[in-house]
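Read top to bottom, the protein sequences are chains A and B.
Residue numbering for the first sequence follows our numbering, starting at 22 and increasing by one per position.
Residue numbering for the second sequence follows our numbering, starting at 56 and increasing by one per position.
Because the hints were derived from the structure by calculation, they are not lab data.
Hints are supplied without guarantee of correctness; some may be wrong.
As the list claims (entries may be wrong) - For each label pair, taking beta carbons as the anchor points, the in silico distance ranges come out as:
| id | chain 1 | residue 1 | chain 2 | residue 2 | range |
| --- | --- | --- | --- | --- | --- |
| 1 | A | E207 | B | V313 | 49 to 59 Å |
| 2 | A | E207 | B | K102 | 46 to 56 Å |
| 3 | A | S262 | B | L213 | 32 to 42 Å |
| 4 | A | R129 | B | R140 | 45 to 55 Å |
| 5 | A | G145 | B | P203 | 43 to 53 Å |
| 6 | A | D156 | B | E143 | 27 to 37 Å |
| 7 | B | L99 | A | A197 | 49 to 59 Å |
| 8 | B | A546 | A | E207 | 58 to 68 Å |
Glycine included, each C-beta is placed from N, C-alpha and C at the ideal position.
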Amino acid sequence: MILQAQTISSLVCDELNHGPASGSVHSVFAGTVNIACGRSIWLSLHAPGTPLHPYAVVLGKGAGSNREECPTGGGAFLGASAGGAFLGASRGERVDVEGGEIAVGGGRAIIRLAGAEVWRPEVGRLDAGLRGDADGLLETLLEGLRNDDMASPFLNASGTGEVESALIHKCLRIRAGLARSWRRGEVSEAARIMQSAVGLGSGLTPSGDDFLTGFLGAAHMFAYGSGAADDARRHLCIERSMTTLTSYFMLRGALHGLLPEPLSSLLGAIACGRPGPIRRSVERLVRLGSTSGQDMLAGVVCYLEAARAAGEME
Amino acid sequence: MKKVLIEKSAYLDSVSLMRISKTAGEAAGVMSAMVAMATDTNVLLLKEAGFDPADAAGATPNDLMIAIDAEDEASYEAALGVVRREIEGGPGPRQEAEFAINTLEGAIRERPDINLVFISVPGRFAAIEAERALGAGKHVMIFSDNVPVEDEVRLKALGRAGGLLVMGPDCGTAIIGGVGLGFANAVPRGNVGIVSASGTGAQEVSSVLARLGVGISHLIGTGGRDVSGDVGGVTTAMGLKALISDGGTGVIVIISKVPDGAVGDEILGLAGRSGKPCVVWFAGQDARPREGNIAFGGTLADTARLAAAAATQGEFSPPSAGEVSALLEKAGDIPLTASGSAGKYLRGLFGGGTLAQEAVFILKEHLGEIDTNMKLPGTGLLTDPSASAGHTVVDLGDDAFTRGRAHPMIDQSYKLARLAKEFEDPETAVVLMDVVLGYGCNMDPGGEIARLLIDLKEKHAESPGPAVVISLCGTHDDPQGYARQKRELEAAGAIVAGTNELACMLVEKLIGE
């Protein structure tokens, strides 16, 4: 099976420029195969669509890779649970990356990278911070959170069972504490609270990591002028032993403003300040995974609430 | 007992993990369960919840952690078995590949002959999918709620222009050509057609009809807002016209909250010109005499009996006081409030919004002021719907209770927790609850309530506790088994009424004693 990549993250290009690499399949879902090559290379091979991970390689339609037609297609990264293993891959299978190709399972599936569009996952940075009608912006975002089907522990006020209740309680405490310390400019305290969210909750990207990705992404984009985002990054210590591998690479990207595409789209829409694109971006983001998109949105809202209270927004 | 088990180098996606945690948490004798990746933070969370972190020693974030808090070893093992079966057999990476249709376009391509699309996606996406379906020339049923009214107006205008029905948004129940959609009961085919702006209202009427031996031709849901001035009763009118021209429909039933004035006039005008016997129930309306071919039901059960009488050309017979006495007599030695507890208030816990409304309308005449979380004329609005005050009736299907969890007709966890709370409140005289059966509903709602009642009665053996009255909506052919549900509830000491109206009459009697 020979497949053509449609889109590749610039991070993947950078890593592959260092020469041939070998690794193995880390995890397989209905629409994604995650691959770990050594300690620094991570590849998320997605079915056709949007890059959902900073280290994404999105496959093109045709050659059996179309989700609709392919018997192994369907679902998406970060949580969809449709049946089937994408590309027919299995965990631990060998992967070789060389000469502009990714060979899975000793060449059983080959992904050609040449000719693919390069996607830059880094969001921009606004020197002057966020400008616009702060109340209006937040109201538009909060509309997305007030709607139905919110299962994120960062948004939910009640849980059934002791463990779920403890998780929700902890998440809400983190959300409130982080907003408070950021508002007061207590960067080291904010970093300590962020640290306590790493790896928290269920999922292959735990809720706490998704929430942090949203918060860090927003801070990267809007707090550049104050230097607070860079300060926070210096205080934060995120190691691969703290969370799942796929989540570790996502968080590592988020620290530097490298984000899943639906999240960077939302931040871009917020920077423009127009309600229509913001609403559409919220709709796309909350579709991500079971709660991943919701958790990221909660992180963005947490940042904006703190920034507004701190007077960073006009 | 609280135990943590580690599955080395295992992983599942978030959707599967949440589903498995929920399934295990609902197993008998299980207080709480969490299946998550074994990150340090999650291990710490379990420690805070009283688990022993030593159980997770040596685990890494890429291992799966199964934490179960169970009453005893047997319950723990049973729950662990549930988790293992779910992990092994549930949808996920370990399952064999299957062909899956992921989009509406794909489904239409696969089966172009399908003429109705059922939409159940988060509300914000429903209008997009509905518009696609209408564009493809399909009728639409929108189960989703939280769809803006301006979208509903637009979609219904599109549908009307193309001669396509738009049932919903927030349309919980329909039966088209004998096929139940959403929450629908197993009812026989027959000659009564129903147009309904209320899901549980339609279930109550169709179930009572079925138990009277009368079947349904079609049940067309419209969504609760259809009869508002904004929407203009578009689907109600189209549904009504469809039933008027349907040769298999001999009697028409219209179920709705009180419509906007002009909309109501149009509906009654159409019904009056239909040439068929019609029975109308507008929630909360005062008793109204027959107008030509239109009879007005005072309650949902009344509406069903009127329709049955018209369909069979039989006699209409209202419920008698004897039915109430017989039920109380059958309840026998149930320790009723009047004989022991100091409680004096009604606590109504409903999953069905229309059944809750009907209970308030029936009971407020007898009980006086009732506080609710529904905006109804002549009632007080609860400031905190999670806490009862005086006579209280709560619609647990309201958004405030369903955010992040399934509707109480599917997931009764909050309803059960609330039952325990009301049962233990010394001010409670009677707990009134609905149990709604049918496709799509919880598979053992009566059994879950019965088991909790038995536990509560054991725990409070020294006090009589409040009476528990159940309004049981369903048919003998429903997958949950009407007789079995009734039997289990009665064995646990509940008084079970076959209609909401009868349940309310029982409450009047009990509180009045």
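Run the structure past the numbered hints and jot down the numbers of the failing ones, going up. 2, 3, 4, 5, 6 and 7
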